[in-house]
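Undergrad: Can you make the complete structure from the sequences, with help from the hints?
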Amino acid sequence: MAAGSGAAAAAGGRSFSFKVVLLGEGCVGKTSLVLRYCENKFNDKHITTLQASFLTKKLNIGGKRVNLAIWDTAGQERFHALGPIYYRDSNGAILVYDITDEDSFQKVKNWVKELRKMLGNEICLCIVGNKIDLEKERHVSVQEAETYAESVGAKHYHTSAKQNKGIEELFLDLCKRMIETAQVDERARGNGSSQSGTARRGVQIIDDEPQVQSSGGCCSSG
Amino acid sequence: MSLKSERRGIHVDQSELLCKKGCGYYGNPAWQGFCSKCWREEYHKARQKQIQEDWELAERLQREEEEAYASSQSTQGAQSLTFSKFEEKKTNEKTRKVTTVKKFFTASSRAGAKKELQETKTPSPSINRQASIETDRVSKEFIEFLKTYQKPGQDIYKQCKLFLDTMNHKRDLSIEEQSECAQDFYQNVAEKLQTRWKVPPEKVEKAMDQIERYIMTRQYKYVFCPETTDDEKKDLAVQKRIRALHWVTPQMLCVPVNEEIPEVSDMVVKAITDIIEMDSKRVPREKLACITKCSKHIFNAIKITKNEPASADDFLPTLIYIVLKGNPPRLQSNIQYITRFCNPSRLMTGEDGYYFTNLCCAVAFIEKLDAQSLNLSQEDFDRYMSGQTSPKKQESESWSPDTCLGVKQMYKNLDLLSQLNERQERIVSEAKKLEKDLIDWTDGITKEVQDIVEKYPLEIKPKSQALAAIDSENVENDKLPPPLQPQVYAG
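Those sequence lines, one after another, are chains A and B.
Once you know that position 80 of the first sequence is 80 in full-length UniProt numbering, the rest is easy, because the numbers rise by one and skip nothing.
Once you know that position 332 of the second sequence is 332 in full-length UniProt numbering, the rest is easy, because the numbers rise by one and skip nothing.
I should point out that these hints are in silico values taken from the structure, not numbers from a laboratory.
Some clues are possibly wrong.
[As the list claims (entries may be wrong)] Below are the DSBU-like pairs computed for lysine-lysine, each with C-alpha atoms no more than 30 Å apart in a straight line: (1) A:Lys41 - B:Lys293; (2) B:Lys203 - B:Lys281; (3) B:Lys306 - A:Lys165; (4) B:Lys234 - A:Lys57.
TA: Have a look at this one:
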């Protein structure tokens, strides 16, 4: 609702809080991916965390402090309709598919369509082909995946949670892009340094005059 | 940019931007909607009076605390009564009979009536004040807490008082507008804490929590499930829906917890208790804390069962199952209340926000649940929904250990009866078959006999006279040649 990315970032000045949702079919390795990133463990009996559905990570990128909150989502088909409740107000989305499973890539395409429709271009999308340790059984071609990612304005990554490949890069890259988006957003508002309370009112007034109707209508969709 | 603002969906009418005094200048939310000039006038008037009254009240509250506690035996009684009802709810839950909605309604509305607090506008608040113990306690703790902040503490207190007064004047506004006011207030105070009062960042969050606790304890009765909304209707709809879905089993939802393990079933009970307890809290953040506690118990249950950290794939189905099993009172009202009046920074980021989102998902799923989402055929789903059959009968073995013995026995007996019924039917049908066989056999024999009779009709020829004459006379029998061999003559 009120506290979007920009507001959270502007209030702190130097620190950013980002929400990232993890989307993808069950069994593509979403959980392994975050566990590898946040705990650096894979299928480990000694994993200390009680759960892998909500994890946080603190980063420092070029002197900017970033608080990353990673939201796992239920991947089963029966929960697909609940997606919008999860990805509301998120700054980034990581869409994971299994390179040995054509269907899971199809599922990613559906998610992309939905996200672009609901959140526009404000959300940074990452399409991730996981399980590259199973390269021999690959069913989704690199060419196809990368072309597709480019066509929808997303970045494509290859990872292996098992071998710890590409994961650090994925998250670092995503954070950089989200910082950029937040800063552009801030500058566009033209008062990044002023109090966000006034900024909020300022936005309203501008928004109010041309189309009263749509501002009311959109809040229900968001 | 326009997208962003649309997403926020904040809509303000032109008239609301003008000064409230109607002087024609624009107002500013930081000045409670007045223009700078009118604000200064208003503020100075209110300020002196309030500072004095507030600190008087604070001191008096401290003094009065003991007597207040002593004289409030009845309130204490009522509170423990509420708790016993809560316990009752818990036991009811175990037997899958959820009938305590009404009790919860009455219990909390009674509590709500008690926390009436005369706001400081009244010249002598002590005369007809009917504050509840809890509200007083919260006020006292809040004031104590603010003392650690020295000068900013007073400013914070003034801001909160001002906000409560403003809210008092805004009772006629729609709940969305009141929510907007509260959100604005949170944002303004958070900024002032950081920029104007120079409160260190690590203390800001704590202060915000205390502020939320203070103002929402007072606002609760006006803005929780207000009559102007259809929250209550939605509550009842969800309640009814969950009751209609009493037959849903963990297997149908693919819930990864095994309730046969005692520790796991213990966790499940605790999770249910937590989610039910949410309704008894008044502060949004405390409600959130209940959801978080419930989620932690769920994670424990999953961890014990699966021996690995729970992912969202495991968590959401389990939460849905817990909600179905617990049928928490006033679920929609609570969700709406938290959404409207929780400090947004807590709700949007952070762990609490994640679990809250999952609860919203669980409720949305339950509302839309159909045959497909449980991997059932439409016929089965309809039959279960209409109560014609229950999938429980077939799996009485997998009853959780905490199920009431009587219910277990009943299902066992039902099982036995249905088995007997089956046997009886089998016997009857076999008897009928036997009867039919017998009839068929008789018919068959009769027919066979008839056939043979038809094929070889019995012809009784009249005795020939000549032969009779020969036989009868029997004169020259000895002279006759021996009789001919039959073979020879048979052809």
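Undergrad: Going straight from one Cα to the other, do B:Lys203 and B:Lys281 come out at no more than 30 Å?
TA: Holds, at roughly 24 Å.
Undergrad: Need the status of pair A:Lys41, B:Lys293: alpha-carbon distance at most 30 Å?
TA: holds (26 Å)
Undergrad: Regarding the pair B:Lys234 and A:Lys57, is the alpha-carbon distance no greater than 30 Å?
TA: violated (38 Å)
Undergrad: Take the C-alpha atoms of B:Lys306 and A:Lys165, compute the straight-line distance between them, and say whether it is at most 30 Å.
TA: holds (27 Å)
In terms of the numbered hints stated before, the structure departs from hint 4 and from no other.
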